[in-house]
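Colleague: Each chain, written out:
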Amino acid sequence: MSSFHEVIRKNESSILAGWIAEMASTTRRSDLMGDVELKQQATEFLRLFTDAAESSTDPHSEAFFSTREYMKEIAKSRMEQGFTPGETALFVLSLKQPVFNSLRDALKSEPAKLVTEIWDVGNILDRLAVQTVDGATEFRDQVIVRQQEEMLELSTPVVKLWDGVLALPLIGTLDSARTQVVMESLLSAIVETNSQIAIIDITGVPTVDTLVAQHLIKTITAARLMGADCYLSGIRPAIAQTIVHLGIDLVDIQTKAKLADAFALAQTRLGKTVVNVKSAAKSTSKHEDA
Amino acid sequence: MDRIPILKMGDCLLVTIQVDMHDQLAVSLQEDLTAQIAKHAARGVLIDISSLEIVDSFIGRMLANIAAMSRVLDAQTVLTGMQPAVAITLVELGMSLPGIRTALNVERGMELLRGYIQKDDGLQESDGSEE
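Residue numbers (this note's numbering), protein chains in the order written: chain A, 1 to 290; chain B, 1 to 131.
Simulated from the structure, these hints should not be mistaken for laboratory data.
Any given hint could turn out to be false.
[Said to hold, decoys possible] Covered stretches of chain A, going by a simulated chain B footprint (3 or more residues, C-beta under 8 Å):
| hint | segment |
| --- | --- |
| 1 | 187-199 |
| 2 | 221-227 |
[Unchecked claim] Every beta carbon over 12 Å from chain A, so not counted as near; a handful from chain B, in silico:
| hint | residue |
| --- | --- |
| 3 | 28 |
| 4 | 40 |
| 5 | 82 |
[What the hints assert, rightly or not] Stretches of chain B that chain A covers, calculated by requiring three or more beta carbons in the stretch to come under 8 Å of a beta carbon on chain A:
| hint | segment |
| --- | --- |
| 6 | 14-26 |
| 7 | 104-117 |
Just so you know, even glycine gets a beta-carbon here, dropped at the ideal spot from N, CA and C.
Whenever a hint applies, use it, and build me the whole structure from the sequences.
Modeller: In structure tokens form, the structure reads like this:
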């Protein structure tokens with residue numbers, strides 16, 4: 001009479017060797033992970049697993065807490081190394097074969113006991129494998145959330161075009177959350193740079209519906225309240241048609257087809273102009289000759 | 001009861017709001033300001049709200065009212081130095097203050113005001129010559 005954890009403990013080294021051999025034949029990725037690290041992880045897992053199995057056979061119990069945590073840790077580090085969640089799960093599942101072999105040898109005389117023990121250990125290992133998949137998914141979700149936040153910040157750059165002129169090239173769909181970020185970053189940039197004119201360029205906005213227009217109008221009104229003029233540029237012909245068809249009222253807003261046009265208007269408003277240096281020099285020299 | 005000081009600079013009046021406005025303060029400002037405009041025959045009013053961090057719909061409406069009243073008394077109103085958070089709040093409240101002119105800071109606001117007053121004077125003179 002002996003439970004599976006005793007069998008594992010007795011045959012630890014042979015199970016470990018069998019496990020690593022099993023992994024070598026199925027899921028070994030020597031390009032991603034060295035032998036030393038793999039052996040270390042396998043030994044550590046086997047130790048935690050047998051310790052926990054001594055007091056309980058329920059993988060959700062308190063006894064398995066450290067094992068579950070270790071699974072999450074392994075899942076996370078393996079995701080970083082480039083393993084797929086499936087490969088990480090197979091790391092645990094490939095332990096079955098050597099453990100079952102040892103159990104079969106140890107419990108030859110008691111078939112009923114053998115079946116129970118195999119069921120128990122199989123069940124626990126399955127749950128732990130699921131745990132690694134959960135851990136991997138969690139890790140991937142965190143990455144997605146972080147990337148979304150980074151994209152939100154990166155996708156709303158406020159650029160200074162000239163002394164007193166800001167530009168805000170918008171790229172991608174505008175939703176409520178993004179408009180809030182756009183509005184805040186534009187208004188704080190207006191205060192920081194003391195700019196009189198801001199140009200919102202919507203060349204990269206794929207569609208303008210009533211909601212997007214509403215958001216744009218809000219941003220422009222807020223900028224006006226602070227004392228800055230706001231121009232809207234980069235309106236593609238298709239979008240101009242949509243705006244009119246939807247009945248969106250943009251009469252109070254200065255619109256221009258291209259960013260360059262809006263910038264030229266900003267220069268005029270600031271009382272500045274761009275001249276060709278060469279021809280200007282020629283005309284002055286002509287005057288001098290005369 | 002504390003009041004918001006109204007300073008006279010040439011033919012303009014300067015109001016700087018340094019404390020958070022409560023309703024009674026806004027009402028008394030409205031009364032004082034209209035009285036001062038009438039008394040000094042002021043042509044322009046500059047209200048600086050750069051220290052104002054909290055607004056509600058009442059204060060927003062008061063600001064709009066003050067601008068409208070000044071216009072009736074032939075004085076241009078410029079609102080300067082609104083904080084981004086205040087601007088966002090007013091827009092979310094649906095108060096875009098359409099009748100109010102705005103500027104980024106007092107310096108720009110003063111420039112703007114002088115420009116308007118000169119333009120007004122120029123118009124009146126040209127009107128006179130045509131007659």
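Colleague: Hints first: check each against the structure and report whether it holds.
Modeller: How the hints compare with the structure:
1. Figure legend: the segment 187-199 of chain A, annotated as covered by chain B; annotation consistent (7 residues with Cβ-Cβ distances under 8 Å, at least 3 required).
2. For the segment 221-227 of chain A, the stated coverage by chain B is satisfied: 7 residues place a CB nearer than 8 Å to a CB of that chain, which reaches the threshold of 3.
3. Chain A leaves residue 28/B outside its interface by the beta-carbon criterion, the shortest separation being 24 Å against a cut-off of 12 Å.
4. Against chain A, the non-interface label of residue 40/B holds: every CB pair exceeds 12 Å, the least being about 25 Å.
5. Not every Cβ of chain A is farther than 12 Å from the Cβ of residue 82/B; the closest lies at roughly 5 Å, contradicting the non-interface assignment.
6. Residues of the segment 14-26 of chain B with a Cβ under 8 Å from some Cβ of chain A number 0, which does not satisfy the need for three, so the listed coverage is violated.
7. Under the rule that three or more residues need a Cβ within less than 8 Å of chain A, the assignment of the segment 104-117 of chain B holds, with 4 such residues.
The structure shown violates the earlier hints numbered 5, 6.
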